[in-house]
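Enquirer: Using the sequences and the hints, build the whole thing.
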Amino acid sequence: MIEQILTASVFASTIRLATPYILAGLGETFSQRSGVLNLGVDGVMLMGAFFAFYTALITGSAVLGVIAALGVGLILGLATAFISVTLKAEQGISGIGIYLFGLGMSELLFQQWIGTPKSVTGFPDIFIPGLSDIEFLGIGEIFFQHNILVYVAFLLIPLSSFVLNHTTLGLMIRAVGQNPQAADAMGVNVTRVRYATVAFCGVMAALAGASLSIALLKVFQQNLTSGLGFIAVALVYFGRWRPYGILAGALLFSFVNAVQLQISAIGLDVPSEFAVMAPYVITIIALVFASKQTEKPTALTRPFERGE
Amino acid sequence: MTQPINQPVTPAIQQLQMQGIVKRFPGVLAVNQVDFEVRAGEIHALLGENGAGKSTLMKMLYGLYQPDAGRILLNGAPVNIRSPHDAIQQGIGMIHQHFMLVPSLTAAENVALGMRSSRGLVLDTDRVGAQLRELAARYNLKVDPDIPVWQLAVGEQQRVEILRALYRGAALLILDEPTAVLTPQEVDDLFRVLRQMTADGHALIFISHKLHEVLAISQRVTVLRDGQKVATIPTAGATRLKLAEMMVGRPVVLEYERQPVQRGAARLSLHEVSARNDRGHEGLRQVSLRLCSGEIVGVAGVSGNGQRELAQVIAGLRPITGGSIQVDGRPVTTADPAAINALGVSHIPEERMVDGVIKEFTVAENLVLQEHGHPRFTRAGLFMNFRRIGEACREAIKAYEIKTPGGDTPIKNLSGGNIQKLVLARELSRRPQVLIAAQPTRGVDIGATEYIHRRLLAERDRGTAILLISEDLDEILALSDRILVMYEGRIVGEIPREQVNIQQLGALMAGSSPARPGD
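Those protein sequence lines, which keep their order, are chains G and W.
Quick note on our numbering: the first sequence kicks off at 1 and runs consecutively.
Quick note on our numbering: the second sequence kicks off at 1 and runs consecutively.
If you are wondering where the hints come from, they were derived from the structure by calculation, not from laboratory data.
Any given hint could turn out to be false.
Stated by the list, open to error - Here are the simulated DSS-like pairs of lysine-lysine, each with C-alpha atoms no more than 27 Å apart in a straight line: (1) W:K412 - G:K88; (2) W:K398 - W:K412; (3) W:K210 - G:K88; (4) W:K398 - W:K359; (5) G:K88 - G:K218; (6) W:K210 - W:K242.
Said to hold, decoys possible - Ranges between beta-carbon positions, derived for each pair: (7) G:E305 - W:G390: 47 to 55 Å; (8) W:R116 - G:T298: 23 to 31 Å; (9) G:G138 - W:R116: 46 to 54 Å; (10) G:G71 - W:D68: 41 to 49 Å; (11) W:I358 - G:Y151: 52 to 60 Å; (12) G:S226 - W:G120: 42 to 50 Å; (13) W:R192 - G:T298: 45 to 53 Å.
Nothing here was measured: the structure is a model prediction, and the numbers come from that model.
For glycine and all other residues, C-beta sits at the position ideal for the given N, C-alpha and C.
Expert: Structure representation (structure tokens):
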């Protein structure tokens with residue numbers, strides 16, 4: 001039975017399904033590292049998913065779909081930054097507001113502009129020449145037969161890690177999240193850094209949404225993400241605010257997802273509700289153990305006030 | 001990098017002037033028409049009580065606040081300093097009272113923060129670290145640039161701050177109460193570095209409320225009181241008494257008359273008590289002590305060496321992991337704070353705004369926080385008796401000279417000194433057998449400090465056993481009959497009042513352990 005479940009195609013789906021978690025989780029990592037908790041990720045994902053899908057449907061171009069998603073993500077990211085950085089609103093509550101806005105708005109636009117379920121061609125899978133043919137352990141199928149957004153997501157992990165740990169920008173982001181007063185005293189523009197990370201978080205969330213609607217599922221429906229954005233926020237805690245931690249968490253969750261799909265596909269007698277619940281239960285357990293981390297940005301959720 | 005630092009810095013600030021500076025906060029005129037001037041090669045002390053406006057004035061110079069009126073001139077030309085970034089560009093650096101370091105970053109990373117890197121977007125912390133080592137060697141400031149700052153002792157953290165300012169080419173350096181967290185030896189080292197910096201042509205502003213330090217290090221001193229400038233005078237020729245009088249506005253007493261100690265029975269004893277600190281590490285290690293009626297035992301030490309944990313375990317606010325505690329011979333090792341209170345133990349907590357009072361509550365409410373259920377203050381044991389509470393409150397306000405518009409004023413509107421007097425009133429009104437006083441005069445003005453000190457001495461003469469935990473060595477020396485020194489969670493020495501020697505005390509506080517008396 002194990003051989004029936006743990007097939008190469010399950011591992012390939014694990015990689016593929018990890019994409020939205022990674023993209024949204026990386027964005028959230030930057031936001032939280034700078035001290036801003038962005039709980040609106042799921043709503044921004046839905047908006048990104050919708051606009052990517054709608055644009056791809058109208059124009060037939062998945063690339064234009066991604067560009068539309070990036071634009072929406074940027075706008076919503078800047079709006080989030082305005083609310084939490086400039087207006088200093090309570091970040092948990094305002095984030096839920098952004099989420100509910102995205103949830104309702106994407107649904108409304110879908111009803112008004114599209115109406116009936118449709119599907120798009122979206123991004124095709126790209127077979128990496130040479131590598132995708134590797135038969136050994138199914139490596140070719142697992143790693144090298146995916147759509148472009150999957151490759152982008154995985155390449156962004158080392159890049160994000162490098163930016164955070166080895167660049168002046170990363171140093172500023174970490175400092176602003178740990179001790180904004182000190183960063184300010186050293187001439188760092190705290191507001192500008194936080195605007196940048198929160199806007200980036202929006203862009204990445206929208207891209208994560210697009211990866212669902214025009215690359216993975218190639219459909220749009222109400223609440224397409226079903227809380228995936230919240231899992232991405234939890235992943236940041238689970239991953240101890242590190243890009244490689246996000247990768248580990250994303251793979252764990254996407255693996256559970258993939259196994260769940262496989263179990264129902266081969267008709268095993270396991271109530272599918274258990275499998276649906278599993279990621280959330282694992283999230284809670286993981287958070288209990290991850291909650292006492294010293295890596296946590298100490299200024300997380302605290303607005304900056306000069307001279308305090 | 002903004003400026004190469006391999007050669008000795010050639011400061012570009014000859015003279016800095018602040019003219020007619022005014023700063024208002026809601027309801028307070030914090031700085032009122034103040035003129036101030038500092039020149040290259042001098043240490044200019046800024047002296048005043050808490051709330052006199054020293055820090056506010058300097059925060060305006062560093063761009064943290066904007067003045068409401070007045071102007072700042074650099075070498076005679078007006079400058080506009082809108083942010084710390086602008087100040088750094090002008091060659092102004094500041095060593096803050098609460099260090100402005102990011103604890104999780106290394107010293108080199110803290111220095112590189114906010115600076116342009118020699119590798120463009122990519123960090124050059126290795127090069128910064130190497131240059132930092134050179135600079136450290138030149139000023140004889142020992143620092144390892146590659147260790148996360150939270151692992152450094154406070155004295156080392158301060159050296160990182162000073163090096164950072166030098167690295168950034170600060171020609172004028174503001175030092176906000178730089179000695180507050182240092183041992184006497186570290187203060188000497190700091191003064192040596194400051195003198196070397198002025199010899200190199202730097203201009204230094206030294207903010208302090210400690211008179212002997214101002215006399216020891218500065219060439220000129222400006223005294224502020226209630227936001228206004230009292231005078232600027234040459235330090236040569238000034239005396240402690242004269243400066244204290246300028247600071248407070250009336251003659252002050254710097255030494256107290258004290259009765260010989262009448263040591264009675266042991267009230268409080270700790271036997272090999274251990275406890276964890278907030279980080280989960282060992283904060284207290286096998287601490288044993290005995291506190292007798294009629295004596296004040298001072299606990300000296302650099303901040304963070306277990307003093308806070310010591311006060312908390314005695315008050316029942318922190319669980320202990322080993323050992324035992326007795327009050328009047330009764331074990332209270334596992335007792336809760338209320339039970340310990342009931343045995344006659346009072347506690348003046350270190351963080352008065354967090355653990356001592358409820359900020360939003362009124363003076364009267366804070367006064368009966370513990371005893372609100374006492375028959376004295378209730379009707380039928382259920383309802384609060386506001387008439388009695390009001391009476392008790394008026395009595396306390398009078399007896400303890402608490403300056404407040406009335407008993408129903410929210411406590412947050414009172415000054416630090418008056419809040420502390422209120423805490424003292426509450427704790428002493430219960431006529432305690434044992435009093436734990438943690439940092440009783442931190443952030444308190446000289447007048448209130450004097451009052452609190454007299455009150456503590458009176459309690460001692462009445463027969464109360466007092467444990468005085470303080471980072472202010474002057475306070476320890478003025479009040480204690482015996483002095484215990486804490487280092488890394490242990491009591492590393494005990495010195496009777498008659499045998500106190502500052503050098504020995506400082507060495508114990510720094511963790512070097514010369515032969516202890518009695519060993």
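Enquirer: Each hint needs a verdict: does it hold in this structure or not?
Expert: Structure-based check of all given hints:
no., hint, verdict
1, W:K412 - G:K88, "holds (23 Å)"
2, W:K398 - W:K412, "holds (19 Å)"
3, W:K210 - G:K88, "violated (39 Å)"
4, W:K398 - W:K359, "holds (21 Å)"
5, G:K88 - G:K218, "violated (38 Å)"
6, W:K210 - W:K242, "holds (13 Å)"
7, G:E305 - W:G390: 47 to 55 Å, "violated (37 Å)"
8, W:R116 - G:T298: 23 to 31 Å, "holds (26 Å)"
9, G:G138 - W:R116: 46 to 54 Å, "holds (49 Å)"
10, G:G71 - W:D68: 41 to 49 Å, "holds (43 Å)"
11, W:I358 - G:Y151: 52 to 60 Å, "holds (57 Å)"
12, G:S226 - W:G120: 42 to 50 Å, "holds (43 Å)"
13, W:R192 - G:T298: 45 to 53 Å, "violated (34 Å)"
Checked against the numbered hints given earlier, the structure breaks hints 3, 5, 7, 13 and satisfies all the rest.
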